[in-house]
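J.: If you count the sequence shown from 1, position 79 lands on 79 in the numbering used here, and the numbers rise without skipping.
It should be emphasised that the hints constitute simulated quantities derived from the structure, not laboratory data. Heads up, a few of these hints could be off.
[Stated by the list, open to error] In the PhoX-like style, the derived pairs of lysine-lysine whose C-alpha atoms are separated by at most 25 Å in a straight line are:
id : residue 1 : residue 2
1  : 140       : 278
2  : 73        : 240
3  : 224       : 159
4  : 11        : 159
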Amino acid sequence: MVTKVDPKSVKLLKAVTCASVSVAFFLLVIKFVAWIATDSVSIQASLVDSLVDTLASLVNFFAIRHAIIPADKEHRFGHGKIEAIAAQGQSVFIAGTALWLGFEAIHRLIQPEQVRETPFGLAVITFTIVLTLGLVAFQKYVIAQTNSTIIKADHLHFKSDLFLNLSVIASLLLSSQLGWLFVDPLCGFVIGGYIMYTSWSIAKEAFHILIDRELPNEDRQKIKDIVLNHQDVLGFHDLKTRSSGPSRFIQLHLEMDGDIRLIKAHDIAMDVANNLRKAFPQTEVIIHQDPFDDSHEDGSLQD
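Modelling step: build the complete structure from the supplied sequences, incorporating the hints.
T.: Here you go:
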């Protein structure tokens, strides 16, 4: 049975990408105004991060619309890996901007400058925190419903923005109230490092999807429990799992009494498959039916 993209998931993915683009572009504009007014490196770092978010959200906007296209004759497993490819592209661009921020922060450490219009800068950053919190909450809900890799990457961007903007507030206060001019570029340098770490996290997860890495051990254990919980199942082996965008794929050999009728074995396999789909929505389950063989001893969960 080929998995189909859930209509509800499609609506959520389209809605959250539209929200991400809108929020990212709005934050880009107001942070640009704040940077011009204050000449703060930390706000400049936050501005660059918002530029990254805007471009990444635009990439997500178009990638999602291709990734949710149903499977066809040339792409039997769907188009979900487009998400991982887009996420890899994001990570490269993000790493480049992080390096640029690092150089800018070093330059400002060597030649410190006074931060201007601190109250205005603080007001802008506080507003961005509130707006970002709303988007992050929406993205978290969509991830729980769709397990989308590209939305996870976007969520990581905006969640990092929350910590980033808090550090900007601290930088502005310390620079203006105590005259610690080194704090502003130092904060920008730290933000650049955090953005680089974010880039690595996104690239790593996308790479695992592209090479068909197994689902997490917790998910595999859950699969094992569901399969063995069926009263007519005596064992299973050769469990193989992977993910592609919001879709998962589970394959296994199900072991049953070798003397039962074929139609009975088919019904048992269908029951197990349906139970797995309930626990893992948007999952294609392929089950091969075998007579029980105690020599396997559950080798299906070997690391």
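J.: Holds or violated: residue 73 and residue 240, Cα atoms, limit 25 Å.
T.: With a Cα-Cα distance of about 23 Å, the restraint between residue 73 and residue 240 holds, given a limit of 25 Å.
J.: Would the pair residue 11 and residue 159 pass a check requiring their Cα atoms to be no farther apart than 25 Å?
T.: holds (22 Å)
J.: What's the verdict on residue 140 and residue 278, does the C-alpha distance respect the 25 Å limit or exceed it?
T.: Roughly 21 Å between the alpha carbons, so the hint for residue 140 and residue 278 holds.
J.: Checking one constraint from the list: CA of residue 224 to CA of residue 159, max 25 Å. Satisfied?
T.: It is violated: about 34 Å lies between the C-alpha atoms, which goes past 25 Å.
The earlier numbered hint that this structure contradicts is number 3, and it is the only one.
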